[in-house]
Amino acid sequence: MVRAGLIALCLGLCAPAWADDPAPQRVVSINLCTDQLAMQLARPGQLLSVSRIARDPVSSAMAEEARGYPINTGRAEDVFLLAPDLVLAGQFTDPATVNLLRRLGIRVEQIPIARSLDDVRDTTRQMGRWLGTEDAAEDAIAALDATIAAIRQPETRPRMALHYANSYTSGAGSLPNAILTVAGFDNIGAELGLGSLSRLPLELLVTSHPDIVLQGQVYDPPARAQEIQRHPAVREAALRREHLRDATWVCGTPLVQDAIRALAALREPAE
Amino acid sequence: MIRPVPFGALMGALAALVMLLFAISLLTGPAEIGTIDSLTALLSGEESATGIVMREIRLPRAILGLMIGATLGLSGAALQGYLRNPLAEPGLLGVSGAAALGAVLALYTGLSVLFPLALPLMALLGAILATLILQSLAGLRGGALTLILAGVAVSSLAGALTSLVLNLSPNPFAAVEIVFWLLGSLADRSMEHLALAAPFMLAGWAMLLPLGRALDALTLGEDAARTMGVQVARVRLLAVLGTAASVGAATAVAGAIGFVGLIVPHVMRPLVGAQPSRLLPASALAGAALLLAADIAVRLIAPDRDLKLGVLTALVGAPFFLWLVFRTRRTLL
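In order, the protein sequence lines correspond to chains H and V. Residues in the first sequence are numbered consecutively from 143, following my numbering. Residues in the second sequence are numbered consecutively from 60, following my numbering.
Since the hints were made in silico from the structure, they are not lab data.
To give a feel for the contact side, a few chain V residues facing chain H, derived at Cβ under 10 Å:
{"#": "1", "residue": "I92"}
{"#": "2", "residue": "A246"}
{"#": "3", "residue": "S249"}
Even glycine gets a Cβ: it sits at the ideal position worked out from N, Cα and C.
Model the full assembly from the supplied sequences, consistent with the hints where possible.
This is the structure in structure tokens:
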């Protein structure tokens, strides 16, 4: 009843503000990746609030910057109370939240999961168009492209196995695959024909003889999922293990250039 | 009516079956290694990738499958004999669930990193608490119905608390692992897990296996057993501690696997002539065979999905349980 009343009220009062002004003035982001894209591209004062997880240094590549913004819970209730004229969400943001906000007359835009560096460029341009900051978007893409152009591609490419918690890996058609490829590595997951997010059983990890095993972040407190990274078989096989903060490449924003540089730097001793 | 078979022949056949399944378990896995190659790599101790796969990945899995299956079969038979209740089983009664709760508390608070033995010890503590609660709720002479209701209460409470602890954990993976603790799996267990759990399981077996004679006498009733020189209090202590130690350790490394302890003693009972002293070792072997078979099946059915063991054991066990309730409802209810 309350919700029905709220919607009826809103149909009369909340005329979509964006219909007249192309650049939204009150932008709220409720997804970790749109948080970071918006913080990189928005004009001062344009972005009202980011999600709570944007401040978490474990998951967010821009945890420091996020401290400069008020946080929201990502639930329709407090987002609605901020009276936004644009809400930014991810493709897999809870559809109940997205639909409720749309029924309340709020414009919600969603970004897809990036599966390639072209996806990163497209999404960044799209975000620039939504925010009316196309120039900032082009600058960010140019910085990413300059990083990629500066990476020296080796003659023999070391083979890298991605080994996340619970033995998951990224195969062909994934952003991590694209990133380690431009950083000068071959991906064992792609070599084994694994999909974009699949399991790489420990047995295959050991028998595929990777030059480097890149393990996911180790979270504290512990979970069973991470025991696999300390499994004696990985130690015994004397594989070189490295870590990369998940935050640097979990989101397909131009900041993945940091991940590209970090991975390329791992290659030097391996060659 | 199934006739009892000669005990020696039955044990020999079961042991052969366990050995066969153990070997198949060693030969099952995603890395395609030939039979000869894998056995030579296992025995030669070479430092090749094949050797590592065999010794560090497949061997602990097969040994744990054998030991945990034996633990569940044995403790099911002991609980059914001691409680004189055909529906008693560590999974159904919530003993496994409470052990999982103890293990979860040890693992996700970080306690087991500082002190590895905390994992099996906390699981043991959970199992003991559950057994004591069951006993005080249902009593030694409580009917089957009371015991099962108490078990439902204990296992749902333990399951809820396990889920709560994992949901509250700040680790992003913890919530996903509720499934493991409620359904159990042997995937990617290592020699370290085996070293942690095996002593407790062996100690539990050592307490449960000698109970056969006393349980034989208890089938005649507690008073009759007393006149035959059975110390009922000592039997109770050994049954509770033995179950808690072995099931606790098994659950601490593999999660709560249900129904094995229910099915196995019932299948074995007609074969051994309903004699607890024979039922205990036969159930241990049959439990090992059943769990090894289930663990081979999860790897063949869904090789890349880490299908949980409890799914398979429940698919077989739950209909069996229903049939058992149906068959015995007149005497029970």
